[in-house]
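Colleague: Spelled out, the chains give:
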Amino acid sequence: MTRETLRLLMIDDEPILYHGVKRVLEAHVVYLEDIDFHVSFEMSWKGSGEEGLACIAEATPDFVFLDYKLPGMSGLDVLNRLRLSNKDLLIVMVTAFASLDTAVKATKLGAFDFLSKPFTPDEIRYVVKKIAHQIILSKRARLAEEEKRQIRFQFLSVLAHELKAPLNAIEGYLDILKDGEEGQKRMMIDRSLLRLDGMRKLIFDLLDLTRIESGQKKREVVRLNAMDIIQRTTETVAPLCQEKGVKITLPEHNVFEIMADAGEFEIICNNLISNAVKYNNDNGNVYVNVVRLGNEIVFSVKDTGIGLTLEESGKLFGEFVRIRNEKTMNVMGSGLGLSTVRKLARLNGGDVQVKSVFGEGSEFIVTLKESVQLGEN
Amino acid sequence: MARVLVIDDDKDIATTTSLMLEQGGHKVETELIEKQAVAHVDSMKPDCLVLDVMFPGNSEAGFELSRAIRSKHPTLPIIMVTSVNDYSTLKFSNKDIDNSWLPIDQFVNKPIKKAELLGLVSKLTGK
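So the sequence lines, in the order shown, correspond to chains A and B.
So the first sequence is numbered by the working numbering: it starts at 1 and just counts up by one.
So the second sequence is numbered by the working numbering: it starts at 1 and just counts up by one.
Quick caveat, the hints were computed from the structure, so don't treat them as lab data.
Among the hints, a few may not be true.
On the chain A side, residues computed to face chain B include the following (Cβ under 10 Å) [stated by the list, open to error]:
1. D13
2. P15
3. L17
4. L109
5. G110
6. I170
7. D175
8. Q184
9. I189
10. S192
11. D197
Restraint-style ranges between C-beta atoms, simulated for each label pair [to be verified]:
12. A/G349 <-> B/G119: 57 to 65 Å
13. A/D197 <-> B/K113: 33 to 41 Å
14. A/H161 <-> B/G119: 37 to 45 Å
A virtual CB, placed ideally from N, CA and C, is assigned to each residue, including glycine.
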């Protein structure tokens, strides 16, 4: 929305002054150039501080023009009460006695600005523009903040659920183990250990993700040999490869220098290569490749595994997304790996995409922009 | 002895639940795939269902399943297990059971306790 009407309440014992302000602002539209936003005004009037407070309690306006010298409660009393009530509204003190003393007092009580009587239409327009700018910007900031809180809450809810799942499973096994049959003990202990492992993986992935998102992790883009990291990753999945009879084929070159953060590249390699093994069929193949296209590094991992349906491919990079079917049932994963890969790829000015044929296999292709060209370092 | 079908996408929860039931002398089958659940009920014709609330990608899958199954098997007892009661106040409780929206017989919070589960199954099936 690029247009909003702000509500102004004027508290002043002189109705004629209100009519003056109303004439100026009624058809007036403030244009906020920097955020391309139009603001118009809706006005109401109360003749005393008491009535004004009652009106605010009922429906809080966006801002108030508050007379300093009112019959009964003074303008400063009203200001004080409003400050204590924590209402979210801006107050402009209107005064015929624009002394420094008044200004200091009112500012201490939280007044946003001043208008000294008599004021000109230009002065009114000037002050409402300042106010409109302030209100709209803080509304926007609040909305963004609220949205962030929502996303965070959602993330934490899902995370809590994911952390509880293995606990529930392990607790169940322990409950049965108490008076279980000998023969099943080994299986239950094995499954418990597997779930603990999955939980640890989730915590690691979570820490990776949080570190990347918070910017806490200092990025160090250096010249490194991508093949070193690829080979190291291959070694960590070697036991699983052996178990499943999966063969990994690496590019022929032993040295492939890229400009990247070693930790980031390792996370990408780790996630993609271990997925390619985990979701592969027995005796399947994994082909890893890294090439340079212009100023982009293209890193790809292709498998001959279970593949993805179109629907699955579409949601694959979201947080906590795990594809569950008969074939993935025994594979432990946190559901954070691919979303982290995408974050890292985008952080490097690139992206990740997947090409997949259900039942035949998938290929994940990560592009990374080299911000600093090789040779400059 | 009752014949019980356990429907849960988490293989380990399905396993532990069925082991608990087997220790109680019941005969158990498990179904891990939401889409196959109704057909599995049709073919097995169990005496009781233990159904998970949430399946990946659809937090209401369990509710939908309970409605689909209840309409075909109106007298089949359904125990619903849930881990969504995360907070100090329960999000769902037996008060929410409703024949049109949530046609089940009993809520049980995860982690399931063997004694509670066995007690419920025999109460609901009389077996």
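Colleague: All the hints need checking, so say for each whether the structure fits it.
Modeller: Each hint, compared with the structure:
1. Hint status for A/D13 relative to chain B: violated, with the closest Cβ pair at about 50 Å, above 10 Å.
2. With 10 Å as the threshold, the beta carbon of A/P15 stays out of range of chain B, its nearest partner Cβ sitting at about 52 Å, so the hint is violated.
3. Below 10 Å, beta-carbon pairs count as interface contacts, and A/L17 has none with chain B, the closest being about 52 Å; its hint is therefore violated.
4. The criterion of a C-beta within 10 Å of any C-beta in chain B is not met by A/L109, whose closest approach is roughly 40 Å, and the hint is violated.
5. A cut of 10 Å between beta carbons decides the hint on A/G110: the least distance to chain B is about 37 Å, and the hint is violated.
6. Because the smallest distance between the Cβ of A/I170 and any Cβ of chain B comes to about 8 Å, under 10 Å, the interface hint for this residue holds.
7. A least Cβ separation of about 5 Å between A/D175 and chain B falls short of the 10 Å threshold, and the interface hint therefore holds.
8. Taken as an interface hint, A/Q184 checks out: its beta carbon lies about 7 Å from the nearest beta carbon of chain B, inside 10 Å.
9. With a cut of 10 Å, the hint placing A/I189 at the interface with chain B is violated, because the nearest CB-to-CB distance is about 12 Å.
10. Hint on A/S192 holds. Least Cβ distance to chain B is approximately 8 Å, under the 10 Å limit.
11. Taken as an interface hint, A/D197 does not check out: its beta carbon lies about 12 Å from the nearest beta carbon of chain B, beyond 10 Å.
12. Distance hint check: the CB atoms of A/G349 and B/G119 are about 60 Å apart, consistent with the given range 57 to 65 Å.
13. Separated by about 25 Å at the C-beta atoms, A/D197 and B/K113 break the suggested range of 33 to 41 Å.
14. Distance hint check for A/H161 and B/G119: the Cβ-Cβ separation is about 27 Å, which falls outside the suggested range of 37 to 45 Å.
The structure is inconsistent with the numbered hints 1, 2, 3, 4, 5, 9, 11, 13 and 14, although it conforms to all the rest.
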